[in-house]
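Visitor: Residue numbers (our numbering), protein chains in the order written: chain A, 479 to 1012; chain B, 294 to 598.
By construction, these hints were calculated from the structure, which means they are not laboratory data.
A couple of the hints might just be wrong.
As the list claims (entries may be wrong) - Partial list, derived from the structure: chain A residues whose beta carbon lies under 10 Å from chain B:
| hint | residue |
| --- | --- |
| 1 | V741 |
| 2 | L875 |
| 3 | V878 |
Unchecked claim - Negatives, chain B to chain A, calculated, CB over 10 Å:
| hint | residue |
| --- | --- |
| 4 | F311 |
| 5 | P315 |
| 6 | G329 |
| 7 | S365 |
| 8 | R424 |
| 9 | D427 |
| 10 | V428 |
| 11 | E485 |
| 12 | S494 |
| 13 | V495 |
| 14 | I504 |
| 15 | T577 |
| 16 | I580 |
Said to hold, decoys possible - Rough simulated footprint, nothing fancy, chain B against chain A, three-plus residues with beta-carbon under 8 Å:
| hint | region |
| --- | --- |
| 17 | 707-716 |
| 18 | 729-739 |
| 19 | 794-804 |
| 20 | 865-871 |
Being a predicted model, the structure only gives us computed values, none of them experimental.
Here a beta-carbon is modelled for each residue, glycine too, at the ideal position from N, C-alpha and C.
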Amino acid sequence: MIRKIMTILVLIALIAGTATATGTSESDSQSTDVVFRWATTTDPQTMDPHAVNAAPVLSFLNNIYEGLVRRNEQMDIEPSLATSWEPLSDGDGWRFFLREGVTFHNGDAFTADDVLFSYERGTSETSDVTSWFAPVTDVVVVDDFTVDILTSAPNPLFPDSIANWMIMSRSWAEENASTAPATDQENFATRNANGTGPFVLSSRSPGVETRLVPNTAWWDDLEHNLSEAIYTPIENQSTALSALLSGEIDLVNPVPLQDVDRVEAAPGFTVLGGLETRVIMLGFGHEKEQLDYSTDVTGVNPFQDVRVRQAVYQAINVDDIINVVMRGQAEPASQLLPAGLSGYSIVNDDRLPYDPVASRRLLTEAGYPNGFSFGLMCPNDRYLNDEAVCRAVTSMLADVGLQAELTTHPVRNYWGELREDAYDMYLLGWSPGTFDAEHPIRFLVSTPNEEARLGSWNYGGYSNARVDELLPEIQSELDPATRQAQIDEIAAIIQDDVVYVPMYTQPLIWAMADSVDLVQRPDNFFMLRWVNVN
Amino acid sequence: MKPGSRAKRNDGEFAYLFLRSPAAIVASVLVVLTVGGALLAPWIARSDPFDPGTYDLTDAFTPPVWSPEGESRFVLGTDDQGRDLLASILYGARLSLRIALSAMGLAAVVGVSIGLIAGYYGGWFDAVVMRIADVQLSLPAILTALLVDGISLTIISESASTEFRATVITVAIALSLWVNFARTTRAAVFVERNKEYVQASVMMGERPRRILGIQILPNVLAPLLVIMTVDLGRAILLEATLSFLGVGLPPNQPSLGTLIRIGMNYVFSGEWWILWIPATFLVTMVISVNLFGDFLRDYFNPRLR
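Between the sequences and the hints, there should be enough to build the whole structure, so can you do that?
Guide: Next up, the structure:
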């Protein structure tokens, strides 16, 4: 008897539940809520715009925070929090006139003091973005809406170089004890955000889901029609693709290269592709006195010998990697930035040929006729097919006797391991934030110098006096021909010295439902402000 | 039944029962094929998939030999790096088996010792250890293994060698398997310790270590043998799961689980063999080991016959 009653009660509860559920879903469909869901492989590690200088973080945060300038659909610089700017008449530097009436998401008004604060924060000890401010000597608040940025020499490209320098509210950071970026631990700004941008962070569970809602008080005209945007990191690309095909998400970036045909064949989906401005390269531990992961070489670091580095270069068949691993959808790269970007050195356009015989000869000349073993470190969820590329590289190097012991890490550990020098050779991808040849030179080639904020991603510690001498000249040179000549000289040094082994420019492949309309930028930044769901 | 009578049952009966059980015959043939293939990998396989110098990227994605584009060099096709899939599977199974066997061995040594002591002495040791075992039983084995794996890789740098990772996985799996051994041994010891021959030994002043090792242990071996076969299957699966989740063995030394993980990337793109062939091999191996374990259990336990 009691059991019967219980059963009936449960049934009633169930029916009532279904009824309520149907009720809500009906009201949902009647309202004009436009929810956009997208997935990428890599969760942005932090919501702090100054803590990690990596594209997944900067791309995501560009929807929440804003800089003084921003890039438009054609990648050109246009006004954002600054309405205009001009070179200083007395001395070197730039004067920025700020937009009035802008508020942060928490209601604080935006003023020049926040710019100064963001400079201080971006150059503090725990900041990962200090290299952006390498030419800057001081920031001076002229009045509430005018700010002077002083540089050590004339710097014609400075406004182009700060599109990712995001402005944070001083009062908000101070109230929440987040005046400096947190890299090893967390602080309030790691999980919370307060920008001026088109979207507001409404909830954040790292590695699980991040939700954004439009900023109703945004200063610019709305070009999107979203009422909510939900981001989910999906590490496994096949899983992400299933989610797209089943309608769980509206966009996935990237699509596994091997699955492009399948997505294009499926009705209702579009693949949006091109080349990303990112060059994938191998780096060496130049600075090391000896290899850390070798079983047969002790006391010396063979990679300090340029012949060994060139042997590595010529042992790798980049065409095979592109054809097989990248399914023909990448371009060989000869420099640290892709062809076509400003400052690309056309005279140094040719790669060294793939030539295992020459490679063996070079190794013999260097005193390693039978090669040697070393450690190769790679990320496994950062670049397209990064792990497969590294395994292919391992196999090709083994053909000339170079035994690479491969370790792979998810990106959340990878940068840390790079900083700890846990490699003899490593994989890196670089997209120049300024779209100019000066950017990789400043970050990847100039001698690491914390004081001067140079070489902050030059983990191998390569150092060349001529490069260090030319870099400031490139930064201040006004005549394009002279500047190009200087860049060409450095490009030649990088090639002759085999500072890195540039391999290919990686493709950019997004897949989305046909109902989505958006703009794909070649830097692979995903800007919600251009997304429309029909 | 007299103590020791099960173990002393004659071989003729085993053969008779074995030949009357088709499942046991099929299972043991498959066990011999898969396990034997794995053990003899260096002599059967045409190339060594662990040596990156022996394969060529341009051979990648060759389908198995029975497909139109198949090549006779690669009977089961190649993976995304141009490795011969048959060789990868055999070497991978070898690695998986090595880890599973040593994990099972470790679990057996730890579990049986704890079970013997707890069962014979009882008291606080018994209470404490068995409560730990209860707690552990309530956690899924994969969770325990993930926990151990994650913690040890955090404490000791993740860039540690393959050999070290194999050890960590072995310990992780052993830690999730010891409970069965401990509980079974303890239960069997409970039964045995009040029997006359044990009482007699105690009366004669035999040392406990000797009683446990020489008199009780041989008499509790039969159920342990069954657990070993069943747990071997579990250990293989656990290793495969860990490797599949990416916390196991690295991709340059693929175990079966790693091979399946790699194959997952090509599940949509038509290169089905990279996933399905290693997966089928794994399933076959585990099922046959388990079926054989079932037969052993039936044999040792006449009440189930």
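Visitor: Which hints from the list above does the structure break, by number from lowest to highest?
Guide: Violated hints: none; all satisfied.
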